[in-house]
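Sequence lines, in order, name chains Y and R.
For the first sequence, the positions run 1 to 253 when the numbering used here is used.
For the second sequence, the positions run 1 to 247 when the numbering used here is used.
Each hint should be verified, as a subset may be incorrect.
So these bits of chain Y aren't anywhere near chain R, every CB distance computed over 12 Å [said to hold, decoys possible]: (1) Gly37; (2) Leu54; (3) Ile111; (4) Ala203; (5) Asp206.
Some chain R residues close to chain Y (C-beta under 8 Å, calculated; not the full set) [unchecked claim]: (6) Leu96; (7) Thr100; (8) Ala177; (9) Pro223.
Covered stretches of chain Y, going by a simulated chain R footprint (3 or more residues, C-beta under 8 Å) [unchecked claim]: (10) 77 to 90; (11) 181 to 194.
Derived by calculation from the structure, the hints in this document are not laboratory data.
Every residue gets a Cβ at the ideal spot worked out from N, C-alpha and C, and that includes glycine.
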Amino acid sequence: MLSRRDMIGASMGFAACGGSLALAGAALAQASSYVPGAVIGGGIDGIVRVGDNLSAAEQIIIGKDNHICGEGHATPDPVTLSDERGLKNAVVMIKDIARGKPWAKRERFDIVQEKCVFHPYIQFAPRSFELSILNKDPVLHNIHAYEIIGRARRTLFNIAQPQANQVDRHKVALTRGSIIEIDCDAHNWMSAWIVTSDHPYVAVTDSAGRFAIDDVPAGEFELVAWHPGLGSMSTRAKVASKARAAATISFGA
Amino acid sequence: MISHRSAAGMLLLASALLGASALSAPAAERPGRAQASLAKGKEIYARECAACHGVKGDGEGPGAHIVNPKPRNFILGVFKLRTTPSGQPPTDDDLLRTITQGIAHSAMPSFRELPEADRRALVGVVRQFADIKTAPRPIAIPAAPEVSAALLEKGKTVYTALKCQTCHGDTGTGDGASSLTLKDDAKGRIWAPDLTTGVFKSGDDAKALYARIATGLDGTPMPSYASQAKPDEIWAVVHYVRSLAKR
Numbered sequence: 001m002l003s004r005r006d007m008i009g010a011s012m013g014f015a016a017c018g019g020s021l022a023l024a025g026a027a028l029a030q031a032s033s034y035v036p037g038a039v040i041g042g043g044i045d046g047i048v049r050v051g052d053n054l055s056a057a058e059q060i061i062i063g064k065d066n067h068i069c070g071e072g073h074a075t076p077d078p079v080t081l082s083d084e085r086g087l088k089n090a091v092v093m094i095k096d097i098a099r100g101k102p103w104a105k106r107e108r109f110d111i112v113q114e115k116c117v118f119h120p121y122i123q124f125a126p127r128s129f130e131l132s133i134l135n136k137d138p139v140l141h142n143i144h145a146y147e148i149i150g151r152a153r154r155t156l157f158n159i160a161q162p163q164a165n166q167v168d169r170h171k172v173a174l175t176r177g178s179i180i181e182i183d184c185d186a187h188n189w190m191s192a193w194i195v196t197s198d199h200p201y202v203a204v205t206d207s208a209g210r211f212a213i214d215d216v217p218a219g220e221f222e223l224v225a226w227h228p229g230l231g232s233m234s235t236r237a238k239v240a241s242k243a244r245a246a247a248t249i250s251f252g253a
Numbered sequence: 001m002i003s004h005r006s007a008a009g010m011l012l013l014a015s016a017l018l019g020a021s022a023l024s025a026p027a028a029e030r031p032g033r034a035q036a037s038l039a040k041g042k043e044i045y046a047r048e049c050a051a052c053h054g055v056k057g058d059g060e061g062p063g064a065h066i067v068n069p070k071p072r073n074f075i076l077g078v079f080k081l082r083t084t085p086s087g088q089p090p091t092d093d094d095l096l097r098t099i100t101q102g103i104a105h106s107a108m109p110s111f112r113e114l115p116e117a118d119r120r121a122l123v124g125v126v127r128q129f130a131d132i133k134t135a136p137r138p139i140a141i142p143a144a145p146e147v148s149a150a151l152l153e154k155g156k157t158v159y160t161a162l163k164c165q166t167c168h169g170d171t172g173t174g175d176g177a178s179s180l181t182l183k184d185d186a187k188g189r190i191w192a193p194d195l196t197t198g199v200f201k202s203g204d205d206a207k208a209l210y211a212r213i214a215t216g217l218d219g220t221p222m223p224s225y226a227s228q229a230k231p232d233e234i235w236a237v238v239h240y241v242r243s244l245a246k247r
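Just chain Y, same shape as in the assembly (with noise of 0.2 Å):
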């Protein structure tokens, strides 16, 4: 039986379509080379929600190092939704924009192991840049990053920090895919993922499922949302110039 996060490899390489669960390697494509210029557009304000028809997340028992990790289970990929069902952690992307707004790229991210948890859980980056990683716990993390392809993960790098307060540096260079799984093999409940990203017109939805992308051109765009536990889902919104367009992507009925 397939898991949630089996199934978003198996959607992987099929594009978003028709209100149908599918996702990431065609459906996050972006344009390869971003022109970055002055830009008097607009902006999208959005929702990203999710139906009624939600199949239970994966839980795993918190069987090791209680001390530190807690007690109970815990989700790898949790679907976290508010009062309105608005989905928490959903990267949203403007679709195939090759021009727009400079872009100051960031070089360096940060993720901290604490209290066997990823923090930030997902985050966007560039195709290229350096993650410094950092251990607060006094128990045995490795961290271990693959580059999706498709249906395949491959390893892109995996490096054992055995004491606290280490931290390591490492520079990520995506070749073939689009989004990096982060896990740690001696705690198979963690789970972080980073969405790379060729332009600037990237968010991440808060508590309320809410996200807002700026100074977008003005014109016709395919706004595709992707996360981990529930694959990707696209609309269009139409941007006009100094003014603001509403977006709304559903997950299900």
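Since the structure of chain Y is provided, determine the placement of chain R on it from the hints.
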């Protein structure tokens, strides 16, 4: 890869059915030495390797389903036995060593009986499948220290400090708490090996064990300890682990 000496009849039949023609290099009027070597390598690959690793090098040969662990998918470019940092492709010598020695605890046999030129030609084929265009640099492995009781005691201390027991267990028998939940890149079930058997994937060679600890085994949960352990500490663990073997 599968040995023409040790392969089951079914795999030999599958290999024969695949035939050398499936991978024959396109004819070139005046191929250079490298091209000739690659063409020869493709012929050897079709005969010796494709039954498991597949005509396309994707690890999906007709015999792949009967071996565990599964044959390497060269296309993904991830290799366990390297002397290069985690995430880097192997050197040509790394690939040659694996083809020559095979891999213990797996169906990958030794191809020592093939002439070295043929094995090097196979290295070229694997490099092409994996799209390795650079010349990866191996890590520096300092000279091995003299084995002594003090070194072994130090190795035991470092083994614990590096928390190797998390997977390999307190006594190295592979019964660590995390061993029950380990998975490989393909999300297949994988176990931490029992170090007390004295049988290691890349053989009992001390330098090879040093490389496994320093660079990890990409594609598996075994991480690189290069940034967290000093060379003398890694050497101490190498000799401690070798001392665990029930010879």
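Quick rundown of the hints versus the structure:
1. Gly37: Given that every Cβ of chain R is farther than 12 Å from that of Y:Gly37, nearest at about 34 Å, it holds.
2. Leu54: holds, 23 Å
3. Ile111: Given that every Cβ of chain R is farther than 12 Å from that of Y:Ile111, nearest at about 15 Å, it holds.
4. Ala203: For Y:Ala203, whose nearest Cβ neighbour in chain R is about 29 Å away, the distance exceeds 12 Å, so it holds.
5. Asp206: holds, 31 Å
6. Leu96: violated, 22 Å
7. Thr100: Cβ of R:Thr100 sits 24 Å from chain Y, so the hint is violated.
8. Ala177: For R:Ala177, the interface hint holds, since the closest Cβ of chain Y sits about 4 Å away, which is under 8 Å.
9. Pro223: holds, 4 Å
10. 77 to 90: Our answer is that it is violated, as 0 residues pass the Cβ test (under 8 Å) against chain R, missing three.
11. 181 to 194: n = 4 at 8 Å, threshold three: holds.
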